[in-house]
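Protein chains in written order, with the numbering used here: chain A, 11 to 284; chain B, 642 to 1065.
If you're looking for bench data, these hints aren't it; they were derived computationally from the structure.
These numbers were taken from a predicted model, which means no experiment stands behind them.
Be a bit skeptical, because a hint or two may be false.
Each computed DSS-like pair below joins lysine-lysine, with the alpha-carbon atoms no more than 25 Å apart [to be verified]:
{"no.": "1", "chain 1": "A", "residue 1": "K191", "chain 2": "B", "residue 2": "K644"}
{"no.": "2", "chain 1": "A", "residue 1": "K191", "chain 2": "B", "residue 2": "K1053"}
{"no.": "3", "chain 1": "A", "residue 1": "K128", "chain 2": "B", "residue 2": "K1053"}
{"no.": "4", "chain 1": "A", "residue 1": "K191", "chain 2": "B", "residue 2": "K810"}
{"no.": "5", "chain 1": "A", "residue 1": "K198", "chain 2": "B", "residue 2": "K777"}
{"no.": "6", "chain 1": "A", "residue 1": "K72", "chain 2": "B", "residue 2": "K1053"}
{"no.": "7", "chain 1": "A", "residue 1": "K132", "chain 2": "B", "residue 2": "K793"}
{"no.": "8", "chain 1": "A", "residue 1": "K193", "chain 2": "B", "residue 2": "K644"}
{"no.": "9", "chain 1": "B", "residue 1": "K644", "chain 2": "A", "residue 2": "K195"}
{"no.": "10", "chain 1": "A", "residue 1": "K239", "chain 2": "A", "residue 2": "K260"}
{"no.": "11", "chain 1": "A", "residue 1": "K176", "chain 2": "A", "residue 2": "K195"}
{"no.": "12", "chain 1": "A", "residue 1": "K249", "chain 2": "A", "residue 2": "K177"}
{"no.": "13", "chain 1": "B", "residue 1": "K751", "chain 2": "B", "residue 2": "K777"}
{"no.": "14", "chain 1": "B", "residue 1": "K644", "chain 2": "A", "residue 2": "K176"}
{"no.": "15", "chain 1": "B", "residue 1": "K648", "chain 2": "A", "residue 2": "K193"}
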Amino acid sequence: MNESNNNAESKNTPLGGLGVKSPLGDLGVERNNNAETQTPPSGGGGVIITTSQLIKRFPMGKGEFTALKGIDLEFGIGEFAGLIGPSGSGKTTLLNILGSLDSPTEGEAIVLGQSVSKLSAKGAARLRKESLGFIFQSYNLLQVHTVFENVEFPLLLLNYTAAERKKMVMDALEWVGLTDKVKSKPPKLSGGECQRVAIARAMVKRPSLVLADEPTANLDAANSHNILKTMENLNRQLKTTFLFATHDEKVIGYLKRKIFLKDGYVDKDELVNN
Amino acid sequence: MIKFLIKGLLRDKSRSRIPVLVVAVGVMLTVFMHAFVTGYMGDTIEMNARFTHGHVKVMTRAYAEEMNQMPNDLALLEVDELTNKLNAMFPDVIWSPRIQFGGLVDVPDKNGETRSQGPAFGMALDFLSAHSAEVKRMNIEKTLVRGSLITKPGQALLSEKFAQNLGLKPGDEFTLIGSTMYGSMAFYNFTLAGTVTFGVEQMDRGALLVDIYDARIALNMENAVGELIGFLSDGFYNNDEAKAIASEFNAVYAETEDEYAPVMKTLAQQGTMGQYVALVDVWTVYISMVFVIAMALVLWNAGLLGALRRYGEFGIRLAMGEEKRHVFNTLIYESFVIGVLGTILGTAFGLLFSWLMQTYPIDMSAMLEGATMMMPTQIKARITPDTYYIGFIPGLLSTVVGSALAGIGIFKRKTSQLFKELEA
């Protein structure tokens, strides 16, 4: 097993003592809409992501489409930030690059001390495996596997023992309040439950960074708030950095930092003071 | 991880049961078609073997040189001893004595004067020995038109057309006028037991079938036969096996220069049968390969589509940090397992149906009545060693290659592209 320094600390955190229960409404999370613009915003600790003059072009017909036009950003450990913008603004493209699922055309993206453009396919896979968690709009759970097995999958890649896996999976399911659904399969779960499984799967290995692309797009308001509170609580308890790509007002309301993208540029970068 | 993948494979019908069934059906059809084509194409050879050539044939060297003329003056002598020797050397081969001869069938009237006459093509077989399989081998019972089979010495069968031309009916007597193996005139009276139709113009025009015992007396061929024909134990001609037997036998007489020494020839070494055997082999391979390729394409596509359908799943796994190579390898392992299971299942069922059609052939004799060419009257399959592994080409190879081709997409696409397909 190959652990990065970034999640070594969080692995030692006894998660059973987090006291996170579902529903998480009693955590006292307050939404604050009194935002003020600061450039650049400061992170919660050391720097986890740095992008400099990040450009991404896609071939389109005989020409090219520039999705990102020189993005300079920095994220600190433990941030709860979001890339906000309409479709085509470049937020998913930026998220993909930061998640080492894609590489920039020009410029540099340093994630957890590693330059994404210089990573080999194997290196990118290792970065994702050890340090990154993903949450998708449509959950993307493995339909034939149980809740337990879906959450367990990232740990299989990290070669944990069966006993370790069981403990970690049950802990993760406890965070999202799904310990009674371990044997259920995704088709039997509601949308909110599926997304909670996806959060547990993203969090089970206690990654340094979680990238969430429109995580509430398929959920109703009540479920959205539950999911967001869960993530907010995990962010607070585990110091995991959360980075969203969204244009959902419900999500935006929970963000501590809002980065507005417009046509591939950073239009505004706001830090929200609680 | 292996347990995780196996669980996924077993639980997802579209990844396991359905592909296994598709592969099994494809392989079953391939195996059965191969056995069917082999059996059907080979049946023409078997028919020739049964009637005249045998799988191997022993005759004197001199007879072999003039084989087309059926020169009984060059016949094998001391046949009992030779048969014993052949049985000792090749216990799995079934030997049958045959005499082919020409002559004139003379039908007398009430006064003993000739009422009608006609040239006959005679064939003497072992009708009456208890162990003889000649009647069954020649399918004579099925060709019987009137009367009965030969049940005692002195009886004969004539082709129906020939008997009608001569005005003969079962129970009538006639005389065979021919020549003995020593060249003198031969006269021998027969009683017509029945008439037969072979469906072959040349034979129906003047065929005369008699018991070998009577022919030996009539033609003065005591303990002699024109030919000793041998049939391989499984009832099917195998050129390699026949050649090996012939070589072993001929090696015994290699040193002698006696033109009456026995020589063994395989079916393929007789007349133009060699060309026909080669032709059948080539066509059997061509037809089988066309079907194998067709099924391979079907299963290739099945493998391809099965893997393409899973790009979404691959996207999830890649996002979790699984390496592309590992995803690809697991895809290949899965398709290998599916290919092996489907192929074993398909081959088992294919062999079962082939065996049924080999053991219980479809009898087409009723439909071939009046046919003017010699055709097999039974449609049957034939299981050969190839039948056991032919299904692995489409079943295993194509499934794995199809999956591998689809899997290349994992490497060709950017991971984020797989994600777009995943989200779609």
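Could you work out which earlier hints the structure fails to respect and list their numbers in ascending sequence? The structure breaks hints 2, 4, 5, 7, 13; every other hint is satisfied.
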